[in-house]
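One-letter residues, chain by chain:
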Amino acid sequence: AQSVTQLDSHVSVSEGTPVLLRCNYSSSYSPSLFWYVQHPNKGLQLLLKYTSAATLVKGINGFEAEFKKSETSFHLTKPSAHMSDAAEYFCVVTLNSGYSTLTFGKGTMLLVSP
Amino acid sequence: EAQVTQNPRYLITVTGKKLTVTCSQNMNHEYMSWYRQDPGLGLRQIYYSMNVEVTDKGDVPEGYKVSRKEKRNFPLILESPSPNQTSLYFCASSALRRGSLGPTGELFFGEGSRLTVL
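Chains R and S, in that order, are what the protein sequence lines are.
Its first residue numbered 1, the first sequence is counted upward by one per residue in this note's numbering.
Its first residue numbered 1, the second sequence is counted upward by one per residue in this note's numbering.
Keep in mind that the hints are not guaranteed to be accurate.
Said to hold, decoys possible - Only pairs whose alpha carbons sit at most 20 Å apart, straight line, appear in this in silico EDC-like list of lysine to aspartate or glutamate:
#1 LYS106(R) x GLU111(S)
#2 LYS71(S) x GLU53(S)
#3 LYS106(R) x ASP38(S)
#4 LYS42(R) x ASP38(S)
#5 LYS42(R) x GLU106(S)
#6 LYS65(S) x GLU79(S)
#7 LYS42(R) x GLU62(S)
#8 LYS65(S) x GLU53(S)
#9 LYS42(R) x GLU66(R)
#10 LYS49(R) x GLU15(R)
#11 LYS49(R) x ASP85(R)
#12 LYS49(R) x ASP56(S)
#13 LYS68(R) x ASP8(R)
#14 LYS58(R) x GLU106(S)
#15 LYS17(S) x GLU79(S)
#16 LYS57(S) x ASP38(S)
#17 LYS17(S) x GLU62(S)
#18 LYS106(R) x ASP59(S)
#19 LYS42(R) x GLU1(S)
#20 LYS57(S) x GLU30(S)
#21 LYS17(S) x GLU1(S)
#22 LYS69(S) x ASP38(S)
#23 LYS106(R) x GLU53(S)
#24 LYS78(R) x GLU66(R)
#25 LYS78(R) x GLU64(R)
To be verified - Between beta-carbon pairs, the in silico distance windows are:
#26 THR86(S) x GLY16(R): 36 to 46 Å
#27 THR86(S) x SER26(R): 31 to 41 Å
#28 ARG9(S) x SER80(R): 30 to 40 Å
#29 GLU62(S) x ASN41(R): 23 to 33 Å
As the list claims (entries may be wrong) - Quick partial rundown of chain R residues pointing at chain S, CB under 7 Å, derived from the structure:
#30 TYR29
#31 SER30
#32 PHE34
#33 PRO40
#34 LEU44
#35 LEU46
#36 PRO79
#37 THR94
#38 LEU102
#39 LYS106
Just so you know, the hints here were simulated from the structure itself, not pulled from any lab data.
Cβ coordinates follow ideal geometry from the N, Cα and C atoms, glycine included.
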């Protein structure tokens with residue numbers, strides 16, 4: 001079984017400042033972890049994924065995430081926010097062994113102010 | 001272009017009037033799934049399908065039906081819609097993990113269907 005917790009429902013940043021969106025997971029086996037982004041009135045789009053290779057994963061639009069097994073975390077970061085980053089972000093977990101579906105976090109809304 | 005297409009994008013209907021939301025993908029994916037998205041509740045899975053003629057309930061299947069007669073199509077059927085089914089619906093597809101043990105996690109989503117039941 002697996003679960004995922006996004007620690008903040010909303011995060012506000014100013015344009016040009018760093019972004020940190022937090023995600024903690026629990027899983028009984030080795031997990032695969034994903035971040036998805038949803039812009040207003042759009043479907044979700046895959047931002048990046050961790051599937052047991054390098055622990056620091058780079059995604060699209062300058063985002064990256066680091067898998068930390070000891071902390072059971074997979075936080076999403078970006079050095080400098082852009083107005084176009086304003087969106088909702090979802091952390092997703094699945095397992096690498098055995099049968100498993102996908103478990104979504106409840107989402108974090110990122111607000112970017114000028 | 002890889003695509004998941006949902007129709008209709010917007011629909012207003014009345015209680016009890018049967019409706020179908022279609023979903024089609026062009027990536028030859030085995031796995032397809034329906035989600036509903038509601039404020040504060042995130043995405044909740046309604047039904048999923050691992051292949052043709054193989055469907056299973058997700059977390060919130062009550063009031064919905066699905067079918068998977070062809071690999072590319074996965075329609076969502078509301079036999080007798082009620083106001084609590086007013087929501088934003090997403091269809092998604094994915095390849096399966098090795099050994100067909102579940103989706104890879106690399107989901108492709110449709111643009112969403114906003115349904116209002118009066």
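Proposed proximity, GLU79(S) with LYS17(S) (alpha carbon, max 20 Å): holds, 7 Å
With the threshold set at 20 Å, check whether the alpha-carbon distance from LYS78(R) to GLU66(R) stays at or below it. Holds, because 12 Å separates the two Cα atoms, which is no more than 20 Å.
Hey, does the PRO40(R) contact hint survive, CB to chain S under 7 Å? Hint violated; PRO40(R) Cβ to chain S Cβ min 11 Å, cut 7 Å.
Hint check: 7 Å Cβ-Cβ cutoff, LEU46(R) to chain S: For LEU46(R), the interface hint holds, since the closest Cβ of chain S sits about 6 Å away, which is under 7 Å.
Tell me if the straight-line CA distance from LYS106(R) to ASP59(S) falls inside 20 Å. holds, 14 Å
Identify whether the interface hint at LYS106(R) stands, where standing means a beta carbon of chain S within less than 7 Å of its own. holds, 4 Å
Was the hint right that SER30(R) lines chain S, CB cutoff 7 Å? violated, 12 Å
LYS65(S) and GLU79(S): Cα distance at most 20 Å? holds, 8 Å
Is the Cα-Cα distance between LYS58(R) and GLU106(S) 20 Å or less? Within the cut-off at roughly 15 Å; holds.
Go through the hint on PRO79(R) and say holds or violated, using the shortest Cβ distance to chain S against 7 Å. Since chain S brings no Cβ nearer than about 25 Å to PRO79(R), farther than 7 Å, the hint is violated.
Under the criterion that the straight-line Cα-Cα distance not exceed 20 Å, is the pair LYS65(S), GLU53(S) satisfied? Holds, at about 13 Å.
Check whether the Cα positions of LYS49(R) and GLU15(R) lie no farther apart than 20 Å. Given pair LYS49(R), GLU15(R) is violated - Cα atoms ~25 Å apart, limit 20 Å.
This entry does not satisfy hints 7, 9, 10, 12, 21, 22, 23, 30, 31, 33, 36, going by the numbered hints stated previously.
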